[in-house]
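Could you slot chain B onto chain A? The hints should help.
There are 2 protein chains.
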Amino acid sequence: MKKHNYSAGPCILPQEVFEQSAQAILDFNQSGLSILEISHRSKDFIAVMEEARALVLELLGLEGKGYQVLFLQGGASMEFLRVPYNFMKVDGKAAYLETGTWAANAIKEAQLFGETEVVASSKAANFNYIPKDYTIPAEADYFHCTSNNTIFGTQMKSFPKTDVPMICDMSSDIFSRSLDFSQFALIYAGAQKNMGPAGTTLVVIKEELLGKTGRTLPSMMDYQKQIKGESMYNTPAVFPVYASLLTLQWLKKQGGIAGIEKINAAKAALLYAEIDRNPLFEGTAAIEDRSTMNATFLLKDPAHTEKFDALWKAAGISGLNGHRSVGGYRASMYNALPLESVQILVNTMQELERSI
Amino acid sequence: MKKHNYSAGPCILPQEVFEQSAQAILDFNQSGLSILEISHRSKDFIAVMEEARALVLELLGLEGKGYQVLFLQGGASMEFLRVPYNFMKVDGKAAYLETGTWAANAIKEAQLFGETEVVASSKAANFNYIPKDYTIPAEADYFHCTSNNTIFGTQMKSFPKTDVPMICDMSSDIFSRSLDFSQFALIYAGAQKNMGPAGTTLVVIKEELLGKTGRTLPSMMDYQKQIKGESMYNTPAVFPVYASLLTLQWLKKQGGIAGIEKINAAKAALLYAEIDRNPLFEGTAAIEDRSTMNATFLLKDPAHTEKFDALWKAAGISGLNGHRSVGGYRASMYNALPLESVQILVNTMQELERSI
Numbered sequence: 001m002k003k004h005n006y007s008a009g010p011c012i013l014p015q016e017v018f019e020q021s022a023q024a025i026l027d028f029n030q031s032g033l034s035i036l037e038i039s040h041r042s043k044d045f046i047a048v049m050e051e052a053r054a055l056v057l058e059l060l061g062l063e064g065k066g067y068q069v070l071f072l073q074g075g076a077s078m079e080f081l082r083v084p085y086n087f088m089k090v091d092g093k094a095a096y097l098e099t100g101t102w103a104a105n106a107i108k109e110a111q112l113f114g115e116t117e118v119v120a121s122s123k124a125a126n127f128n129y130i131p132k133d134y135t136i137p138a139e140a141d142y143f144h145c146t147s148n149n150t151i152f153g154t155q156m157k158s159f160p161k162t163d164v165p166m167i168c169d170m171s172s173d174i175f176s177r178s179l180d181f182s183q184f185a186l187i188y189a190g191a192q193k194n195m196g197p198a199g200t201t202l203v204v205i206k207e208e209l210l211g212k213t214g215r216t217l218p219s220m221m222d223y224q225k226q227i228k229g230e231s232m233y234n235t236p237a238v239f240p241v242y243a244s245l246l247t248l249q250w251l252k253k254q255g256g257i258a259g260i261e262k263i264n265a266a267k268a269a270l271l272y273a274e275i276d277r278n279p280l281f282e283g284t285a286a287i288e289d290r291s292t293m294n295a296t297f298l299l300k301d302p303a304h305t306e307k308f309d310a311l312w313k314a315a316g317i318s319g320l321n322g323h324r325s326v327g328g329y330r331a332s333m334y335n336a337l338p339l340e341s342v343q344i345l346v347n348t349m350q351e352l353e354r355s356i
Numbered sequence: 001m002k003k004h005n006y007s008a009g010p011c012i013l014p015q016e017v018f019e020q021s022a023q024a025i026l027d028f029n030q031s032g033l034s035i036l037e038i039s040h041r042s043k044d045f046i047a048v049m050e051e052a053r054a055l056v057l058e059l060l061g062l063e064g065k066g067y068q069v070l071f072l073q074g075g076a077s078m079e080f081l082r083v084p085y086n087f088m089k090v091d092g093k094a095a096y097l098e099t100g101t102w103a104a105n106a107i108k109e110a111q112l113f114g115e116t117e118v119v120a121s122s123k124a125a126n127f128n129y130i131p132k133d134y135t136i137p138a139e140a141d142y143f144h145c146t147s148n149n150t151i152f153g154t155q156m157k158s159f160p161k162t163d164v165p166m167i168c169d170m171s172s173d174i175f176s177r178s179l180d181f182s183q184f185a186l187i188y189a190g191a192q193k194n195m196g197p198a199g200t201t202l203v204v205i206k207e208e209l210l211g212k213t214g215r216t217l218p219s220m221m222d223y224q225k226q227i228k229g230e231s232m233y234n235t236p237a238v239f240p241v242y243a244s245l246l247t248l249q250w251l252k253k254q255g256g257i258a259g260i261e262k263i264n265a266a267k268a269a270l271l272y273a274e275i276d277r278n279p280l281f282e283g284t285a286a287i288e289d290r291s292t293m294n295a296t297f298l299l300k301d302p303a304h305t306e307k308f309d310a311l312w313k314a315a316g317i318s319g320l321n322g323h324r325s326v327g328g329y330r331a332s333m334y335n336a337l338p339l340e341s342v343q344i345l346v347n348t349m350q351e352l353e354r355s356i
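Just so you know, the protein sequences line up as chains A and B, in that order. UniProt numbering numbers the first residue of the first sequence as 1 and each following residue consecutively. UniProt numbering numbers the first residue of the second sequence as 1 and each following residue consecutively.
So that you can see chain A by itself, here it is in the shape it has in the complex (with noise of 0.2 Å):
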């Protein structure tokens, strides 16, 4: 049976990028060689590396702007890490906007370093909305933001103006949706939502911004370094890093960032439809906060569970369940989810409805 898999990371990715990295497994390039035994210092990796970063920077709009692209280990927790080291000063100030989870991490990782200003936080809320009054003081070394809060379904639709350096993790929104990206000083992904599988790390730096904190960085947190080695500074991950490249050129056939954006759309759109339609059924988030890569929502009578739980599972649809922080069901619903799959989830809803 045809399976719908709304994982909220790591996640679905494009079938083709099944196929073809399982044959790169067996026979990489035809070379005779597996992609998992080949150098990293190999010609045809090297390859793979610069076509992966020359991608996010096209994909990006970024070309030519200042940027440099890394792929790194650790996922966004890493960077919560190599945040501070790389741009809080020495007696410097950090700003950060706290909307969830992985943003209080950040949070807590910046601490370490240096004052941290709390600029807002809906935590008071569970994190429903997005807090959007609020002040970056001038003097921050950086400004640091989460664009998308996989666990509470909230997203950010629009970032501050502001001269301090914005630093925002996008790990679960990324290339979804059209943003002036260059309005940031680093942006960062853990790949295993819109990018590739789990094992490796989006990193995009204005590399102008760096250098400038007055600290002596350990080798594996300096981004100079990082640059410096082209991602190579040690031994990459390799597959996760191919099977990612394989996914940015699966999203450039589909017209790019503004290809996936119309899809993912409409995506949302069918579903929180439904949510709002559906009598049975309630969102969890504030409506203007919606995101459009994790839709949260809950049964309005938990006695439905049940039932609705047998249905969505004999539709072939897994990962559905919801965070236990928020409890209920998140649908995620990355670039490869395909709308058919939110058809089914919207079906499974309507039939529960029909059968009370």
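No lab work stands behind these hints, which were simulated from the structure alone. Certain hints may be false.
[Said to hold, decoys possible] Derived coverage of chain A by chain B (criterion: at least 3 residues anywhere in the stretch with Cβ under 8 Å from a Cβ of chain B; other residues may be distant):
hint: 1; segment: 3-16
hint: 2; segment: 22-28
hint: 3; segment: 67-81
hint: 4; segment: 96-110
hint: 5; segment: 208-222
hint: 6; segment: 229-243
[Said to hold, decoys possible] Simulated restraints on C-beta separations:
hint: 7; chain 1: B; residue 1: LYS300; chain 2: A; residue 2: LEU112; range: 47 to 57 Å
hint: 8; chain 1: B; residue 1: GLU16; chain 2: A; residue 2: LYS2; range: 27 to 37 Å
hint: 9; chain 1: B; residue 1: LYS123; chain 2: A; residue 2: VAL90; range: 44 to 54 Å
hint: 10; chain 1: A; residue 1: ALA258; chain 2: B; residue 2: GLY255; range: 52 to 62 Å
[Claimed, not checked] Listed below are the simulated BS3-like cross-link pairs for lysine-lysine, each with C-alpha atoms no more than 27 Å apart in a straight line:
hint: 11; chain 1: A; residue 1: LYS3; chain 2: B; residue 2: LYS43
hint: 12; chain 1: B; residue 1: LYS43; chain 2: A; residue 2: LYS307
hint: 13; chain 1: B; residue 1: LYS161; chain 2: B; residue 2: LYS123
hint: 14; chain 1: A; residue 1: LYS2; chain 2: B; residue 2: LYS43
hint: 15; chain 1: A; residue 1: LYS123; chain 2: A; residue 2: LYS300
hint: 16; chain 1: A; residue 1: LYS123; chain 2: B; residue 2: LYS228
hint: 17; chain 1: B; residue 1: LYS89; chain 2: A; residue 2: LYS108
hint: 18; chain 1: B; residue 1: LYS65; chain 2: B; residue 2: LYS300
hint: 19; chain 1: B; residue 1: LYS43; chain 2: A; residue 2: LYS313
hint: 20; chain 1: B; residue 1: LYS2; chain 2: A; residue 2: LYS212
hint: 21; chain 1: A; residue 1: LYS43; chain 2: B; residue 2: LYS313
hint: 22; chain 1: A; residue 1: LYS43; chain 2: B; residue 2: LYS2
Cβ coordinates follow ideal geometry from the N, Cα and C atoms, glycine included.
Chain B alone, transformed into the frame defined by chain A:
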């Protein structure tokens, strides 16, 4: 044509690991989902992680001895940083043995944390031997060494007896030979030699030694947090961990470390015998310190280079070029390289001799 892959890492893995992991990308455990798209919190992946951790302890003979196993990200270079974070006390001191480039890199990171004594170094001899007469200061918080030096083809055949906790970077020879692994406080290894593809790092820790430095640790640097999170404090490198499990399962079928050690010894004996016998070649490492994993050797007369390179390339051999710091050739004979491949290399060396 059959390839004989002598790459220094990432390197050859067992053919069945390629086949099984390619299959899991198309359909993992007959779930209808790819290993690349499942949640790391899914039952199926938790089982992978648990089996991998248990198998490491079993293969190393460390079951029930107070050790914890982690699969982290960042490669051994990230452990160069995590080690002083977790083991060097505030105002403490570390002792390091300098046997190669990677040892030197580890030393550089430790120096950022506090007094770092290099107890001995073979740097002046371009690291062509392992220093043996040195004293580990009794007051050191730990002693760090590198068991095998990939670039220079040397290997520690024995380890010092000391009451100081011993930490060993075993990236390039773990799982290749029998040792009393319980003499180490901490063992770490980038996966991409004997354990799996690039993208995950194995860390094996004597747990009772942690938490004694007086330092406040960033979350991603904190071994105790990673232990508590069972290697899933954040999303792990799912596919590299899975392919590592497959490689560990393969190793167990070879009779574990004791089984593979015999084959590794036969491979090394065959190649070193030819290096010593053949008048055209010479080894670069001190004979008593020769690595069973990486054999480094030169053509006595560089004029034969073109001819020899053509011969081994024609035989299907790849990855034989030496590292730029040593030159000549490096034959990396990791666990998955069959004895047959070494025989092919020896044949080309003899062919060269006959042709001159």
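Report task. Assess, step by step, whether the Cα of LYS43(A) is no farther than 27 Å from the Cα of LYS313(B), and give holds or violated. Result -> 16 Å, holds
Query raised in the report: the segment 229-243 of chain A covered by chain B? Criterion: 3 or more residues, Cβ-Cβ distance below 8 Å.
Result: Check passed, 9 qualifying residues.
Query raised in the report: Does the Cβ-Cβ separation between GLU16(B) and LYS2(A) fall within 27 to 37 Å?
Result: The hint (27 to 37 Å, Cβ to Cβ) holds, given that GLU16(B) and LYS2(A) are roughly 30 Å apart.
Query raised in the report: Taking a Cβ-Cβ distance under 8 Å as contact, does the segment 22-28 of chain A have three or more residues in contact with chain B?
Result: holds (count 4)
Report task. Could you check the hint for me, namely that LYS300(B) and LEU112(A) are 47 to 57 Å apart, CB to CB? Result -> 56 Å, holds
Query - Coverage criterion applied to the segment 208-222 of chain A (partner chain B; beta-carbon cut 8 Å; 3 residues) - result: With 5 residues in contact (Cβ-Cβ under 8 Å with chain B), the coverage given for the segment 208-222 of chain A holds.
Query - Annotated coverage of the segment 96-110 of chain A by chain B, confirmed only when three residues or more have a Cβ within 8 Å - result: holds (count 3)
Query raised in the report: Does the alpha-carbon distance linking LYS2(B) and LYS212(A) stay inside the 27 Å limit?
Result: Since the Cα atoms of LYS2(B) and LYS212(A) sit roughly 52 Å apart, the hinted pair is violated (cutoff 27 Å).
Query raised in the report: Are the Cα positions of LYS161(B) and LYS123(B) separated by 27 Å at most?
Result: 23 Å, holds
Query raised in the report: Does LYS123(A) pair with LYS228(B) here, judged by a C-alpha cut-off of 27 Å?
Result: With Cα atoms ~25 Å apart, LYS123(A) and LYS228(B) stay inside 27 Å; holds.
Requested in this report: Measure nothing beyond the straight line between the CA atoms of LYS43(B) and LYS313(A); if it is 27 Å or shorter, mark the hint as holding.
Outcome: 16 Å, holds
Query raised in the report: Given a hinted range of 52 to 62 Å, is it respected by the beta-carbon distance of ALA258(A) and GLY255(B)?
Result: 57 Å, holds
In the structure shown, a violation is registered for the earlier hints numbered 9, 18, 20, in ascending order.
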